[in-house]
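Novice: Using the sequences and the hints, build the whole thing.
Residue strings, one per chain:
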Amino acid sequence: MTFPGARPPDRSQRVDINGVGIATYEWGAVDAPIIFCVHGGFDFARTYDVFAPLLADAGWRVISWDQRGHGDSDQVALHSWDSDVRDAACVVDHFTDRPSIVVGHSKGGALMLQLAEAQPHRFSIMINFDGVPSRWRMPDVADHERTRLFATEIETWLDHRRSLIGKQRKPGTIEDLARRRGRMNPRLSKEWLEYLVTVGARESADGWRWKIDSSMRFGGFGPWRPEWAQLRLASLTIPFLGILATELEEMGWGTNAEALVPFLPPLGRVIELADTGHFIHIERPQLVASMVLDFIAEHS
Amino acid sequence: MRTVRHHHVDLAIHELRAGTGRPLLTLHALGASTPPVEPAWTVLWPGPVLGLDFTGHGASTVPAGGGYSAELLMGDVDTALADLGPCTILGHGLGAYVALLIAGARPRLVRGAILADGAGLSGGVPGPSSSLVVESLPHQGIAPDPWARFELNRDPRPADYAISYVRQAVILSGLASPIAVCARWRPGWLGAVAEDPAVLDVTLAEGLAAFAAVE
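So the protein sequences, as listed, match chains A and B. Residues 1 to 300 (the numbering used here) make up the first sequence, in order. Residues 1001 to 1215 (the numbering used here) make up the second sequence, in order.
Just so you know, these hints were derived from the structure itself, not from any lab. Each hint should be verified, as a subset may be incorrect.
Partial chain A-side listing against chain B, Cβ under 10 Å, derived [to be verified]: (1) TRP81; (2) ALA88; (3) ILE154; (4) ASP159; (5) GLN230.
Far from chain A, some chain B residues (derived; all Cβ distances over 12 Å) [said to hold, decoys possible]: (6) ARG1017; (7) TRP1041; (8) PRO1046; (9) GLY1066; (10) ASP1117; (11) GLY1127; (12) ASP1155; (13) PRO1158; (14) GLY1191; (15) LEU1200; (16) ALA1209; (17) GLU1215.
Heads up, the beta-carbon is just placed ideally off N, CA and C, and yes, glycines get one too.
Specialist: Below you can see the structure in the form of C-alpha cells.
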C-alpha cells in the first residue's frame, strides 16, 4: 500500500541496547548531517514516512527508531520513562558523538527535553511538536471523588497487568485496525491510517495486529507531574522551537503558548498552529517541514 | 518455592513458615531478596509467612534493559495477591514503599500494611531534579539487577503522591487504620504518611498484632 508523499526508509538496522533490540531507520545520504526524529507514545518510527523524506530531500540524514515495545523493537518486561530516555541516549550515541539536531513529537519531545537537560552536549537544536506537558487533564471534582477516580484508574491498570499472560493485540483487517486507531487520531485521514497499518502492524493467519506491546495502554499514573517538563525546558541552552496544536485531541496535552512562554530558554520560540491537531507533522507535513528547516537555517 | 507469572517475568514466592489462615507476605528491601531462613519475628504472626522476590531480585526473572518503577513492583505484588488471596503485608525499605502502594491500590486484598526500615526506603528527591542518564551498567542479567538498584534508588516520591495511597486504603479497605509505620528512619514521603491520623505509628510487634486481629 502507498500513501502520497510516504517513502520507506533508505536504510534500517537493529541496535542492541543493554540486551534490548532497537529498530532504527534512516532517510537521506549517510554522510549528511543528522536530524533525529523521535516518535510519541503508541506511535513508531515509520509515522515519519512522509515528514522524514521532506527533511532528507533538503540535505539531511534523518534517523528515527522504534522505542522499546513499539514497532519492530523488542517487546520487553519493563517500560519506564527513564528507560526510554536511556535507550534514546544509546541510539544517539550509536550514530554520532557530535551535537545533533533533534525533533520530537509528543512523548518523544518530552523525552528529548529530559535527555537534553541530562546530557546537553548531545544536541545543537531542539524542535518539539506538541510535546511539552504542562498540566494534568483531570476533571474538577472534590477530593474524595478524586481519590475514588485515582483508585479506579490504578485498579484498572492492575487488572490489565493480570490479564497479560498470553495476550495479543486484537486481530482485524486493515480497515478494522485503521478505524480503531482513528479513535486516537481523529483528524488523520482513513487513507493515512490504513497506510500506517501496513507498516506498523503485522499480518498473520487471523488478520493484522498492531506490533505495539500488548502491555501498553493509554493513560497512566505515577509520581511524575506534567509541570516538571517546564523545568527542563527552562534549562535548555540550545535553540528551541515548539510548535503547538490548537485543536485538543485525546492524545494531546492541551498545552498552549501561554503556558510555555515563561519557561522558554533564551533562544526559544513557540508557535501555535491554527486549526491543527496533536499530530502536527502528519497533518501539515510540508508547512511544518519548512518551519523546521527555516529554524535550523536561522540557527546553524 | 513456587512461581507466579507477571507479564514476561516469573516471580518467586518463598514459604518462610507454614501455617493456616491469612498469610503475611513480606517484601524485601532494594537489592535484597527473601531471606533463606525464617527471621525471628515470624513467630509473632499467627499464620503462614511468605516472601516475594521482586522482578530482578532473588530467584525471580532478571529482565534485560531495566525500566523499573515502584508501580511495576506493585504489579508484582498484585500478581502474588491474585494467587494467594487476601494478605497482610510487611515491607522493608523499597518493599515498604511498594507495600503502601498496593495497600492503596488493592484495599480489599491487603489487610494491613506494615512499613519497616531497609535499603531503598528513601527513593529520590520528591520533586523534579536534574536527570542522570547512565547508558550502561556492569553485571547486567545477574540478580540483584543493577538497573533495579540504580533506578529504584532515585525514583521521585512526592509526599502527596504517597498520601493519595493512604487515603485510598483508608476510604476503601474498611479498616480504620490499614497502614502501620514502624520504620525508624523516615524520609519525606514516609514522614507525611506517619503523620496521617489514620496511620498507626507502632513497633513491628504491635503492627503484627494489630493486623493479626483484623478480619
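Novice: So, for every hint listed, does it hold in this structure?
Specialist: Now the hints, each set against the structure:
1. For A/TRP81, the interface hint holds, the least distance from its beta-carbon to any beta-carbon of chain B being 8 Å, beneath 10 Å.
2. Taking 10 Å as the C-beta cut-off, the interface hint given for A/ALA88 holds, the closest approach to chain B being about 9 Å.
3. For A/ILE154, the interface hint holds, the least distance from its beta-carbon to any beta-carbon of chain B being 4 Å, beneath 10 Å.
4. For the restraint placing A/ASP159 at the interface with chain B, the shortest Cβ-Cβ distance is roughly 9 Å, inside the 10 Å limit, so the hint holds.
5. Here the hint on A/GLN230 is kept, as its CB sits about 9 Å from the closest CB of chain B, short of 10 Å.
6. Every C-beta of chain A lies more than 12 Å from that of B/ARG1017, the closest at about 27 Å, which supports listing it as non-interface.
7. With a closest Cβ-Cβ approach of about 29 Å to chain A, B/TRP1041 is found to remain outside the 12 Å limit, as its non-interface label requires.
8. With a minimum CB-CB distance of about 28 Å to chain A, B/PRO1046 clears the 12 Å threshold, and the non-interface call stands.
9. The Cβ of B/GLY1066 sits about 5 Å from the closest Cβ of chain A, inside the 12 Å cut-off, so the non-interface label is violated.
10. Even its closest Cβ contact with chain A, about 21 Å, leaves B/ASP1117 beyond 12 Å, as expected for a residue assigned away from the interface.
11. Not every beta carbon of chain A lies more than 12 Å from that of B/GLY1127, the smallest distance being close to 8 Å; the non-interface claim is violated.
12. With a minimum CB-CB distance of about 7 Å to chain A, B/ASP1155 fails to clear the 12 Å threshold, and the non-interface call is violated.
13. A Cβ of chain A approaches the Cβ of B/PRO1158 within 12 Å, the least distance being about 5 Å, so the stated non-interface status is violated.
14. With a least beta-carbon separation of about 16 Å from chain A, B/GLY1191 lies farther than 12 Å from that chain, consistent with its non-interface assignment.
15. For B/LEU1200, the requirement that its beta carbon stay farther than 12 Å from each beta carbon of chain A is met, with the minimum near 20 Å.
16. The beta carbon of B/ALA1209 sits about 28 Å from the closest Cβ of chain A, which is more than 12 Å, so the claim that it is off the interface holds.
17. Annotated as non-interface, B/GLU1215 keeps its C-beta farther than 12 Å from every C-beta of chain A; the closest such distance is 21 Å.
In the structure shown, a violation is registered for the earlier hints numbered 9, 11, 12 and 13, in ascending order.
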